[in-house]
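**Student:** Assembling the complex is the task here: the two chains are given apart, and the hints tell you how they should meet.
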Amino acid sequence: MEYNIVLQDLKDHFKNDILSVDESSDIFTIIIASESVKSIITFLKDRYQFIFLTDLCGIHYPEQEKELGVIYHLHNLVENKRIRIKTFVTKENPQIESIVSVFVGANWMERETFDFYGVYFVGHPNLKRILNVEYMDYHPMLKEYPLEDATRTDKDDCFFGR
Amino acid sequence: MNNTIDKAKYNVVEAPAGYSAPGLFATSLDKAVGLARKNSIWPLPFATSCCGIEFMATMAAHYDLGRFGAERLSFSPRQADLLMVMGTIAKKMGPVVQEVYEQMSEPRWVMAVGACASSGGIFDTYSVLQGIDKVVPVDVYVPGCPPRPEQIINGFMKIQELVANESLRRRYSPEYKELLESYGITLM
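Those sequence lines, one after another, are chains A and B. Per my numbering, residue 1 is the first one in the first sequence, and the count goes up by one each step. Per my numbering, residue 1 is the first one in the second sequence, and the count goes up by one each step.
Please note: incorrect hints may appear among the correct ones.
As the list claims (entries may be wrong) - Restraint ranges, calculated between C-beta atoms of paired labels, are given here: (1) A:P146 to B:A15: 52 to 60 angstroms; (2) B:I122 to A:D26: 27 to 35 angstroms; (3) A:E144 to B:S167: 47 to 55 angstroms; (4) A:E144 to B:I122: 22 to 30 angstroms; (5) B:L180 to A:D26: 54 to 62 angstroms; (6) B:M157 to A:M136: 38 to 46 angstroms.
To be clear, the hints were calculated from the coordinates, so they are not data collected in a lab. We treat Cβ as the ideally placed atom computed from N, Cα and C, and that holds for glycine.
Isolated chain B, as found in the complex (with noise of 0.2 angstroms):
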């Protein structure tokens, strides 16, 4: 179907497949709602060490994260979609990750940046969590010691394909459920 609107003065979001007419566009709901979700996501910058500062360069105006729709970022896990931890935890820290992803309400992502907050990174030491995928489930891992601003980007448009294309009743299943009891994450 043809747009009216003239695509050449200006970057919109490309609509998903659907059927349009003049004052009509129909499509699928988790379509409609995965394209909203996925250009409004807040991230939780829980930045730790010095991945920490390669996302503050991130999210400055060279690279800027706001362009994808992360211009609000949210220090409290209630009004946070993306839980981005970025930085080396410690096994004391482990705990504290646990509980803020356990605040953030559904649909909530996870994205380790780095190598330590991945796998424990350069640390392999007594005091380190080898990776905070033994506290929270983890959506995309970006890897690197510390990984540029354009990879933590890359890592963050893999999440907004998560979220766009993720089934609206996710978060309901058994497989979702059980998957969170083994990390000891009871849903209410």
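This is chain A alone, in the form it adopts within the complex (with noise of 0.2 angstroms):
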């Protein structure tokens, strides 16, 4: 299976989605549309044996337009091959569809990524908060929160070079 193969079938099927490609990282990479995640995931299970879900995580980039981005890896294992698929979408907006129904496995993980970055999965059995605590009323790992806890009383900045 060489991965030419595979884009060529997947623009066919999917004409408009495949935004771009990039072949220059270890992985090989696509770019797709957000609204068709969930068909090209069980098209690429289903026809190319990418049945593992290595990873779904999330990222931000606040240079760009479409800020939140998503990023799921697959992996073939009887041909040990990678695929990494990634997708953006608005902070306004941020809502693309749930793949639990095709990879049980990526229910803990678009918890952890709407608890990190707030993007929203749609049809997602039980969207809450995974790793912070309930009553958290941001999404830290976006860019424009600082690490340091915000509601520390103790802290003396003269200590601490600020």
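**Tutor:** Here is the structure:
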């Protein structure tokens, strides 16, 4: 199974949804439109045996127009081939279809992406915070929030070099 | 008063100040209770991270915390005297530490081992509790990242001093009740 055959097949089925291809890094990467995430992943799982979801994570590029990204890593265990799928959504409407019905393991990974980036997964059975406390009111991994705890009261700035 | 036991043969704990005569030793109750309590503290090792590994070394043969009477560790708070929090406590874990503390019966002491338990340590972030004294009252802080077993033993000996010198009425005093209420822990 060669990547360009898979890519050509994808382009035949999902004409305008494959936005771009990136072969420069060690994993073959495609950037797709966010509306067709579930259908493309189902296609790759059924047709090309990419049956293992290695990772599902989010990313935030504030300088892009579509700031929030969700990145899927799929692995074909039979032929030991990996593929990376990137999609981007805007911060105003950060919605992506959930792939929990395709890969059950995506359940907690989507919850983590929601917890840290605010990406809403439509169709997820239980989308709530997983690693942070329930009463946290912001999504901490977005670039505008600092790493340090904003509610800390005992920090004297002169000792911390500020 | 002279002791008739030959001291050179074996080590025993020093007796507190008191009146001794053949077949009789009289001292005050809180000194006797303090002596008994300080040499049989049963810790609850709430080991979360790397400091927990240093505690494992402290309990092992080379440093041996069992010499101090802490041979029997208890993972049930109902049967423990000393809550040793060793490691990073996340904000999500904070209420759990408080619940474990509430389940311990009086008299109870808390030791914060390591920088993370004392003050959040190197992890000044949105997810780490900046010191367990935000959720439970702490008696002894052992700084270090991680503290060496000798330092943990030093902290334990300070707890022993606190245990030996504690007044028997301390846990019923209004100041103690006020202290616990400031953490949101109500005594029944």
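**Student:** Starting from the hint 54 to 62 angstroms, judge whether the C-beta atoms of L180 (chain B) and D26 (chain A) obey it.
**Tutor:** holds, 57 angstroms
**Student:** Range first: 52 to 60 angstroms. Now tell me if the beta carbons of P146 (chain A) and A15 (chain B) are that far apart.
**Tutor:** holds, 58 angstroms
**Student:** Could you tell me whether the CB distance from I122 (chain B) to D26 (chain A) stays inside 27 to 35 angstroms?
**Tutor:** Holds: the Cβ-Cβ distance is about 32 angstroms, inside 27 to 35 angstroms.
**Student:** Mind checking the hinted window 38 to 46 angstroms against the Cβ distance between M157 (chain B) and M136 (chain A)?
**Tutor:** holds, 40 angstroms
**Student:** Kindly confirm whether 22 to 30 angstroms is satisfied by the beta carbon distance between E144 (chain A) and I122 (chain B).
**Tutor:** holds, 24 angstroms
**Student:** Range hint 47 to 55 angstroms: satisfied by the CB atoms of E144 (chain A) and S167 (chain B)?
**Tutor:** Given range 47 to 55 angstroms: holds, Cβ gap about 53 angstroms.
Of the numbered hints given earlier, the model fails none.
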